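So the protein lines, in turn, are chains A, B and C.
At position 149 of the first sequence the residue is numbered 149 (the working numbering), and the sequence of numbers has no breaks.
At position 160 of the second sequence the residue is numbered 160 (the working numbering), and the sequence of numbers has no breaks.
At position 176 of the third sequence the residue is numbered 176 (the working numbering), and the sequence of numbers has no breaks.
One should not assume that every hint holds.
Straight line, CA to CA, 27 Å or less: simulated BS3-like cross-link-like pairs of lysine-lysine [stated by the list, open to error]:
1. C/K111 x B/K161
2. A/K198 x A/K173
3. B/K239 x B/K279
4. B/K113 x B/K123
5. B/K279 x A/K212
6. A/K222 x B/K279
7. B/K161 x B/K239
8. B/K161 x C/K110
9. A/K212 x A/K198
10. A/K212 x A/K222
Rather than coming from a laboratory, the hints here were simulated on the basis of the structure.
Predicted model, so just to flag it, every value in this text is computed and none were measured.
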Amino acid sequence: MTDIRTVDQATAPATEQRVPSSSRWWVLGAVVLFALALPSARFLGSYNYVLQLATIAFMWIALASSWNILGGYTGYISLGHNVFYGVGGYVAGMLLLELGWSPFVTAPLAGLVAMALGLVAGLITYRAHGTSFIISTVAMLLVVTLLMDNWSYLGGSNGLSLPLPGFDVSWLKVPFYYAMLVAAIGAVILGHRVQHSKFGLALRAIASDEVKAEMAGINTRKYKVMAFAISAFFPGVVGALWGYSLSYLRPVIFLIIAVAARMVLMSIVGGRGTVAGPVIGAVLIIAIDEASVSLLGSSELNLAVTGLLLVVTLLFFPLGIVGTLREHNRLPAWLDWD
Amino acid sequence: MTQVQVLILGLLLGGVYALMASGLTLLFGVMRVVNLAHAAFIVLAAFLSFFLWEGAGIDPLVSLVVTVPVFFLLGMAIYRTVFPRIEGSPRFTEMTVLMTFGFAFILEGLMSKYFTGIFRQTKPPYAQDAIILGDLYVPTGQLYAAITSAVFLVALWAFLKYTRTGYGVRATMQNRDAAQLVGVDVRRVSTVAFGMGMALAGAAGALISFVFPFYPSRHWQWIAILLSLVVLGGMGSLKGAVVGALGLAVISSFVSTHIGAVWAPITFFGALFLMLMVKPEGLFGKKARA
Amino acid sequence: MALLEVRNVRAGYGGGPDILTDISIDVEEGRSYCIIGPNGAGKSTLLKTIAGLLRPRDGDILFDGESIAGRRPDQVLATGVCFVPQDRTIFPQMTVRENLVMGGFLLRDKKLVEQRVDELMGRFPRLAERSSQLAQTMSGGEQQMLVMARALMIQPRLMMIDEPSLGLAPQISNQIFDIIRSLSSEMGITVLLIEQNVKKGLDVAEWAFVLDLGTCRFEGSSAEILDDPRIRDLYLGQLAEAAKESGDAE
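Excised from the complex, chain A in its bound form (with noise of 0.2 Å):
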């Protein structure tokens, strides 16, 4: 029984608007205004320790809000996410490499670079859905990944050496500090952006019953092309970002699916199709990174421990914590970003 009420109200403009309390933009900003002046706070113990993990985060709300944008808003799950991170880190360090550009200019072109192969992945895949998709963005990670590593001219498996930025050793992390914040900033805003949008609301109307959404008239196949192609961006940008960082550009930094994964661990935990989630869900799996680390030390029981998190979390709380709490009433103003 097709129920046409049930499209319409998927593709009509959102009547209902959230009044933005206030309390929930007090904490925002008080948290950047805090992320903002962190750098200065140079008397603090293990200052490097902290500014690193700080851009770090940054980093992955950066990757974890776009994957959000193709994985949450529009319910294709990629797995292969991390091509984009790779390009991003790739081009911007063959630029510093052959021109001498140095990646904090050229990374918004990384970011460009990425979309455009987002675009190319799209439009391959367009006609994949639900399973055949996932496997496709599996075996599009791979076939970069084969690329990269045989190709010389990037130095393949064993990679290439980024020359230094040219900082003062002291405060070398500040810039990077700054560049992930402002590529984090920008992906949540992304994110925000595209939920309130009539593109955000064809999305989810794909994600809900794309049969349906088809029917309504919505292009499916313009908007999920699009969707892939921003979802690019970012990661391009902190790829490029990243490599410099390093002085180090090897496939295996970039391309490994466990990357990937925990891309998608962090928005599904945080909870996917929100604004919030991903950023909660990032800082989360950071914090519960580095507290494995300490206490069994090697990186491969890590590996376990994110596949079961990612499995406890899609048996207990299959929304993540903003959804969960979402559901049940629960949700703290400053936590609803949406």
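Got chain A; can you put chains B and C on it based on the hints?
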């Protein structure tokens, strides 16, 4: 190397891939479960064979007697404990993808930690030997693996065609609702089918142990190939999985010989992308939504 | 004692709202009934709940005096209740004959199964012609015939059919209706039928249940119901309104 040689090698390889993929496609066909951890289980089984070999001198082909039942029971246990919780979900198949993705990491993490990442391989005498037929060089290791594989696949086929439970499995694969309506206990059938899928992984693992060098993280490359095969052949079609495996393995054998061994996996992925653009439901698949 | 007694059943899908709110019907053996009612009234849900595809949230279902509520579909089938749902649930890659054999899945005796298959082929010559044809290659009408023949393999006491004529051309659906009529008149099977086309449905069956908003509003012989002006109101939604206004004076 003659073309016939390349063809033979491809077919032998394909035989092994067919066994590996059959468990995967059975799981999807009967229960709509996409097991991303299938290759990780295969690697686990390979480790089991390896330790039996190293510790007790048991030939990997003999270790089948252990790996198959162990994994059958493991499979039924996993199904019973994990899947009933998510059974009714609207996005069930997607959930299984994510969950088995998680399992794969759990398995890989544990195997890496406790078995380390050293390349392992069982080395029974036949793995080093070959039969020479005129110009042709047929490695006995792969030959035995392919033959064993064929035996298992024929046994599977016979089970499905001639036993009552097999009938129930086939019916459930074709139309779960209809099966339920004619009195098939789909829950029981699913449990048995899951066990069988895992048992096939157990068998494949024992064969892998002497055909390829293996290590914990190798499973990602295999699962991607297997999934490509299964999608290509049509998800849920055993015939498709076998045809896909043989066909693609032969093509990849040619690619490997004439272009370079490193590029062989690309064959599978390239074929996958092509198929997705042309006939997304695969060669033998139905147009049903996953 | 009625063959099938549904007592105050409440049921719904997943975690969703109640579709069946409080439904009670008695189905006497040997009769044929048609269930009519507007969209969303719960007609299909009722049959699915009886068949065991849905678990009732409240109330009970008795078959031959025994409670079958909450049993698995294969268990319900074993008591002699079979269900023919809306989508033609054939086994697409099996032949017509194999489909019929599958219908006898619960019968352990292979000879008996073969015997019954032959009997049914005799009764449905159209199917006999297509015996080794793949079920998915048959027309809608033939598939519907196949599904009903398959259901007859276990010689059920109660047969529940959901919209048998859906998507079929009038001529074919008439054939299907003839078969359904013969089920109760010749074979003594109790029939519970859902049919959207009220006139057709009341033509085929002797008795009727009228459902609305998850409960049985009223019942009676087909002739009575057909002439009842309240049916028109029901389909135009006015009955529900009137009932609310007058405090349900029925």
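Now for the hints, and whether the structure bears them out:
Using a Cα cut-off of 27 Å, the hinted pair C/K111 and B/K161 holds, with the two alpha carbons roughly 18 Å apart. In summary, the hint linking A/K198 to A/K173 is not supported, as the alpha carbons are separated by about 39 Å, beyond the 27 Å threshold. A C-alpha spacing of about 17 Å is found between B/K239 and B/K279, which places the hinted pair at or below 27 Å, so the restraint holds. Our distance criterion of 27 Å between C-alpha atoms is met by B/K113 and B/K123, whose separation comes to about 24 Å.
Of the supplied pair hints, the one linking B/K279 and A/K212 holds, its CA atoms being roughly 22 Å apart against a limit of 27 Å. As the CA atoms of A/K222 and B/K279 are separated by approximately 20 Å, the hinted pair is consistent with the 27 Å bound. A threshold of 27 Å between alpha carbons decides the hint, and for B/K161 with B/K239 the separation of about 13 Å falls inside it, so the pair holds. With a CA separation close to 15 Å, the supplied pair B/K161 and C/K110 stays within the 27 Å bound.
Only pairs whose Cα atoms come within 27 Å are accepted, and A/K212 paired with A/K198 is accepted, the gap being roughly 17 Å. At most 27 Å may separate the alpha-carbon atoms for a hinted pair to count; A/K212 and A/K222 meet this at roughly 16 Å.
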